[in-house]
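Given the coordinates of chain A, work out where chain B should sit on it, guided by the hints.
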Amino acid sequence: MDGAARQRALSASLLQRAGLWREADARTRRLSSGRSDDAADATHLADDYRLLAHDLARARTLLPDSRTREYLEAAYARAHATLHRGAWHIGSELLTLFRDEIPAVVRALRPYIIWSTTIFALAALAGYALVHRYPELIALFASPDLIATVERGKLWTEGLLNIVPSSVLSVQILSRNISVSLFAYCAGFLFGLGTLYILGLNGLMLGAVFAFVSRHGLGGPLASFIVAHGCVELSVLCLSGAAGAAVGEALVRPTHAGRIESFRIAALRSGKLLIACVALLVGCGLIEGYVSPNPGVALWARLGVGVGYWLFMLALLSGRLFGRRAAHPR
Amino acid sequence: MSGPVRDLTVDSVTGIDVSLPVAGPGARAYAFLLDWHIRLIVALAWFVVGALLYNGRPSLAPPLSNDARWFGTVVAPALAIYFLYHCVLELAMRGSTPGKRMAGVRLVARDGGSPSAGALLTRNVFRLVDSLPLCYGVGLISVVLTRDHLRIGDMAAGTLLVFERAEARLPGSAAAARGAGHLDAAGAEIVAELLERWSTLTPEARQRLARQVLDRYGGGEPAASGGDPDAAWRAELERLASSR
Numbered sequence: 016m017d018g019a020a021r022q023r024a025l026s027a028s029l030l031q032r033a034g035l036w037r038e039a040d041a042r043t044r045r046l047s048s049g050r051s052d053d054a055a056d057a058t059h060l061a062d063d064y065r066l067l068a069h070d071l072a073r074a075r076t077l078l079p080d081s082r083t084r085e086y087l088e089a090a091y092a093r094a095h096a097t098l099h100r101g102a103w104h105i106g107s108e109l110l111t112l113f114r115d116e117i118p119a120v121v122r123a124l125r126p127y128i129i130w131s132t133t134i135f136a137l138a139a140l141a142g143y144a145l146v147h148r149y150p151e152l153i154a155l156f157a158s159p160d161l162i163a164t165v166e167r168g169k170l171w172t173e174g175l176l177n178i179v180p181s182s183v184l185s186v187q188i189l190s191r192n193i194s195v196s197l198f199a200y201c202a203g204f205l206f207g208l209g210t211l212y213i214l215g216l217n218g219l220m221l222g223a224v225f226a227f228v229s230r231h232g233l234g235g236p237l238a239s240f241i242v243a244h245g246c247v248e249l250s251v252l253c254l255s256g257a258a259g260a261a262v263g264e265a266l267v268r269p270t271h272a273g274r275i276e277s278f279r280i281a282a283l284r285s286g287k288l289l290i291a292c293v294a295l296l297v298g299c300g301l302i303e304g305y306v307s308p309n310p311g312v313a314l315w316a317r318l319g320v321g322v323g324y325w326l327f328m329l330a331l332l333s334g335r336l337f338g339r340r341a342a343h344p345r
Numbered sequence: 017m018s019g020p021v022r023d024l025t026v027d028s029v030t031g032i033d034v035s036l037p038v039a040g041p042g043a044r045a046y047a048f049l050l051d052w053h054i055r056l057i058v059a060l061a062w063f064v065v066g067a068l069l070y071n072g073r074p075s076l077a078p079p080l081s082n083d084a085r086w087f088g089t090v091v092a093p094a095l096a097i098y099f100l101y102h103c104v105l106e107l108a109m110r111g112s113t114p115g116k117r118m119a120g121v122r123l124v125a126r127d128g129g130s131p132s133a134g135a136l137l138t139r140n141v142f143r144l145v146d147s148l149p150l151c152y153g154v155g156l157i158s159v160v161l162t163r164d165h166l167r168i169g170d171m172a173a174g175t176l177l178v179f180e181r182a183e184a185r186l187p188g189s190a191a192a193a194r195g196a197g198h199l200d201a202a203g204a205e206i207v208a209e210l211l212e213r214w215s216t217l218t219p220e221a222r223q224r225l226a227r228q229v230l231d232r233y234g235g236g237e238p239a240a241s242g243g244d245p246d247a248a249w250r251a252e253l254e255r256l257a258s259s260r
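For the protein sequence lines, the chains are A and B, in the order given.
For what it's worth, my numbering labels the leading residue of the first sequence as 16, then goes sequentially.
For what it's worth, my numbering labels the leading residue of the second sequence as 17, then goes sequentially.
Just chain A, same shape as in the assembly:
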């Protein structure tokens, strides 16, 4: 038999299996779309995968530029994706995330958390010292309306609920805080400099505004306004900054095969912390909308809410809220 005739005979024998491919692909489609939970279909999938792999290898040699090969490539890729796709149980995934993965990320990011908190605290102190010494510099950090209100001896937070309902206020605040938090993380992409900028700027603003209101005798009322939501809100900013700093360091000093690979690993790992941060900021927004501007809530109650929510945050980040136990040395 000459080469061409042999090739034609092999091609013909391959094409006679088209019915098997169609059946295999139909089973794969049923399983991948979730339309079938038939055990027979599932057990057939491994055989189908081998069948398609075998015939695709032959088609790549015998019919390289044909629609048959294109079809087999698609069917094989679909079978591969279906076979290697893990079970999708959103409840257990979330439990694993909050109980095991986020606490592990927090432990791994501990040095970054310490550094970002230190940078934020130093920036706040610098802002306080700057405006305390040179009060006119407050114009760099606060709006003219805010300055005018404080100079009249009032806080801008007074009577807030007369202007905006709590629910609207909460959503506005939480969406703003979440975007700041996400930006602090994403800005780590600029080799960590963006994160540094956001942490520094927010620290400077906090310190400067505190120094300014203290000069007008309003430091106590402002602290009273902030205490319920601020403990967690500021902690979350430092946590987001830590996640962004880890991303930045992965780009500055890659530890894996390449810069992009290091970036991917750092972003995926530290990004999980952002899920906890967003959840905590939703709570902060609700407190800031319903509790903080409400003059009827006493200082001790605000303090209780603030400390309680902060302890809740610690329990969440350590995984103990979801039943994780502290590791004891044997």
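Quick caveat, the hints were computed from the structure, so don't treat them as lab data.
Check the hints yourself; a few may be wrong.
Label pairs and their in silico Cβ distance ranges [as the list claims (entries may be wrong)]:
hint: 1; chain 1: A; residue 1: L336; chain 2: B; residue 2: N82; range: 30 to 38 Å
hint: 2; chain 1: B; residue 1: V64; chain 2: A; residue 2: R125; range: 31 to 39 Å
hint: 3; chain 1: A; residue 1: Q31; chain 2: B; residue 2: V64; range: 51 to 59 Å
hint: 4; chain 1: A; residue 1: A330; chain 2: B; residue 2: V160; range: 27 to 35 Å
Which chain A residues stay away from chain B? Per the calculated CB distances, all over 10 Å, these [to be verified]:
hint: 5; residue: I178
hint: 6; residue: R268
hint: 7; residue: A282
hint: 8; residue: G338
Note that the structure is a prediction, hence the values are computed from the model and not measured.
Even glycine gets a Cβ: it sits at the ideal position worked out from N, Cα and C.
Okay, now just chain B, sitting in the frame of chain A:
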């Protein structure tokens, strides 16, 4: 300017690698525009219906004072639909969205499987960077410049956009196999495809193609019997495809 489609090659336990064609900037932009229109239309529809129900008359005007019910039932859900569309749908559809489906692309992890929930969330968080300074400028530049057409979010999440190949269909393979005696496999595919597409071609085009195919694979011209020439060309092709 677009080069040849690059394939993501994934190792498999069978020893035969899986080949997934990577989608380029055009397919990405097409999928994004489809999704953008869908989320805009759905969000606007929610706003319009919500505002009409809220006002109780044909008016979309917001209330004069800040009203929690207006914000909670009309504005906030519309904003949520618009801003959380990608995030929620990619999670629910495991790396796909209606726009991606229509464009024939889907997201995969580097191992060819479905991306994890963490990867999908990370990819969406990095939209903040990709969308800078406006109109996804950073993301577009990144997609054009990188070998696998990745935006920053894809780099962070380890994901790729690949073509679905859902439309890949077998030609009349049974006919091709039967026709192996006269036609080689490629010829049988061509004949089967021409017969499949017969009704979508103009009579002139299909007769010209039929003549070329029959010339090449040794079929004869249909006999001039005074009947429908179009049907005669088709019959000749069918005879060639089924001949032993």
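These are the hints, each one checked on the structure:
In this structure, L336 of chain A and N82 of chain B meet the distance hint of 30 to 38 Å, their C-beta atoms being roughly 35 Å apart. Checking the proposed 31 to 39 Å range against V64 of chain B and R125 of chain A shows it is violated: the Cβ atoms sit about 50 Å from each other. Checking the proposed 51 to 59 Å range against Q31 of chain A and V64 of chain B shows it holds: the Cβ atoms sit about 58 Å from each other. Between A330 of chain A and V160 of chain B the C-beta distance comes to about 46 Å, which lies outside the given range of 27 to 35 Å.
A beta-carbon of chain B is positioned within 10 Å of the beta-carbon of I178 of chain A; the least distance is around 7 Å. In this structure R268 of chain A is separated from chain B by more than 10 Å, as the shortest Cβ-Cβ distance comes to about 17 Å. For A282 of chain A, the non-interface assignment is contradicted: its Cβ lies about 4 Å from the closest Cβ of chain B, within the 10 Å cut-off. With a closest Cβ-Cβ approach of about 21 Å to chain B, G338 of chain A is found to remain outside the 10 Å limit, as its non-interface label requires.
Taken one by one, the earlier hints fail for this structure at numbers 2, 4, 5, 7, listed in ascending order.
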